[in-house]
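As given, the protein sequences belong to chains R and X, one line each in that order. So the first sequence is numbered by the working numbering: it starts at 93 and just counts up by one. So the second sequence is numbered by the working numbering: it starts at 93 and just counts up by one.
It is worth saying that the hints were derived from the structure and are not from the lab. Be a bit skeptical, because a hint or two may be false.
The list treats identical chains as one, so a pair stands whether inside a single copy or across any two.
Unchecked claim - Heads up, simulated BS3-like pairs for lysine-lysine below, C-alpha to C-alpha not over 30 Å straight-line:
#1 LYS237 with LYS257
#2 LYS200 with LYS155
#3 LYS155 with LYS237
#4 LYS182 with LYS95
#5 LYS231 with LYS268
#6 LYS231 with LYS155
#7 LYS236 with LYS182
#8 LYS95 with LYS268
#9 LYS268 with LYS237
#10 LYS171 with LYS200
#11 LYS268 with LYS236
#12 LYS268 with LYS171
#13 LYS188 with LYS155
#14 LYS257 with LYS200
#15 LYS171 with LYS257
#16 LYS257 with LYS182
#17 LYS120 with LYS268
Chain by chain, the residues run as shown.
Protein chains: 2
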Amino acid sequence: MFKEVDIERALLWIEPGPVTLVSAFDGKRNHVMTISWTIALDFAQRIAICTGSWNHTFDVLMKSRECVVAIPPVSMAEKVIRIGDISGRKVDKFKKFCLTALPASTVKAPLIAGCSANLECSVIDHLENYNLVILQVNKVWESKKTERSKMFHAFGDGRFAANGKQMNYRELMLDKLPPNL
Amino acid sequence: MFKEVDIERALLWIEPGPVTLVSAFDGKRNHVMTISWTIALDFAQRIAICTGSWNHTFDVLMKSRECVVAIPPVSMAEKVIRIGDISGRKVDKFKKFCLTALPASTVKAPLIAGCSANLECSVIDHLENYNLVILQVNKVWESKKTERSKMFHAFGDGRFAANGKQMNYRELMLDKLPPNL
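Excised from the complex, chain R in its bound form:
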């Protein structure tokens, strides 16, 4: 389903600013959160995500010091938004959302089937003041049938865009939005 590609391709998945899924493993089960606040840091394949203890998967990721950053295609948009709207503290989101976890090679966090790309990452720093988790990408897997144009982007107000089309998921995430947006 996935093929390993050059490590330099990691940034090609982060720089465009897509909505991502971040998975982590707590020793017993897998966890996953939706993150659209990401940044490329350098050509040594360091990237950062902005998250904190309001996301249960963040706690798992900080304890295990590793994660997978997956890039879902737009066909998974509604699922990705629903994943971002509930906590995995008591719910196994892989089961609830019928996600298929596949074994990664350098981390125990799982790859996510159906995503366009999966980046295996180690946590190398945590900048608490800014809720930034600095990640080193170890390995990049791309779907054998990846089409980059299928990436989708968050506007930040419940609307999303892909391929020039807008999608409105405000109702699914109203509780996560500041009141005046």
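Chain R is fixed; fit chain X onto it per the hints.
Same frame as chain R, now just chain X:
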């Protein structure tokens, strides 16, 4: 040309991950650089950009402690990429690229006419290890005729996408890309 909008709208321009123009003023003239490595940090309108002294405008921005992050529409794509491909150390890029600088209200860095949005920002921190400049957005201006779907995104390898269409500018920026991309 621009109207001021709620400060909370700042993140709506950063979260989707568009290519941006960042302007700064050195006391004598304006400078501008192209930055597509950006991240939203919190709902207090803090954002970060990843840049360093390889960008002349970075030096200006660090001395003046302020900048404007502008979001160009896709119709400016080629100009934006050319702006990112040359240094402003000796060249006035506002003149060379016929950019119109408009006065901002909280910073001396200029707004850029023709952009969809302009975010007036103060530099509040610099995380040198990761080349991250932490910015506080003070004010948001949006074009009166903004269409958010006109944002465009960098793939990171010289290709760009907007509205589901791909654009290839690899030849313009080959010297900036790692050799195997």
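Against the structure, the hints come out as follows:
no. : hint               : verdict
1   : LYS237 with LYS257 : both (22 Å within a copy, 18 Å between copies)
2   : LYS200 with LYS155 : within (12 Å within a copy, 44 Å between copies)
3   : LYS155 with LYS237 : neither (34 Å within a copy, 47 Å between copies)
4   : LYS182 with LYS95  : neither (33 Å within a copy, 45 Å between copies)
5   : LYS231 with LYS268 : between (32 Å within a copy, 23 Å between copies)
6   : LYS231 with LYS155 : within (20 Å within a copy, 38 Å between copies)
7   : LYS236 with LYS182 : neither (34 Å within a copy, 46 Å between copies)
8   : LYS95 with LYS268  : between (35 Å within a copy, 27 Å between copies)
9   : LYS268 with LYS237 : between (33 Å within a copy, 28 Å between copies)
10  : LYS171 with LYS200 : within (23 Å within a copy, 44 Å between copies)
11  : LYS268 with LYS236 : between (34 Å within a copy, 28 Å between copies)
12  : LYS268 with LYS171 : within (16 Å within a copy, 37 Å between copies)
13  : LYS188 with LYS155 : within (23 Å within a copy, 51 Å between copies)
14  : LYS257 with LYS200 : neither (36 Å within a copy, 37 Å between copies)
15  : LYS171 with LYS257 : both (18 Å within a copy, 25 Å between copies)
16  : LYS257 with LYS182 : neither (35 Å within a copy, 41 Å between copies)
17  : LYS120 with LYS268 : within (28 Å within a copy, 44 Å between copies)
Hints 3, 4, 7, 14 and 16 from the earlier list are contradicted by this structure; the remaining hints agree with it.
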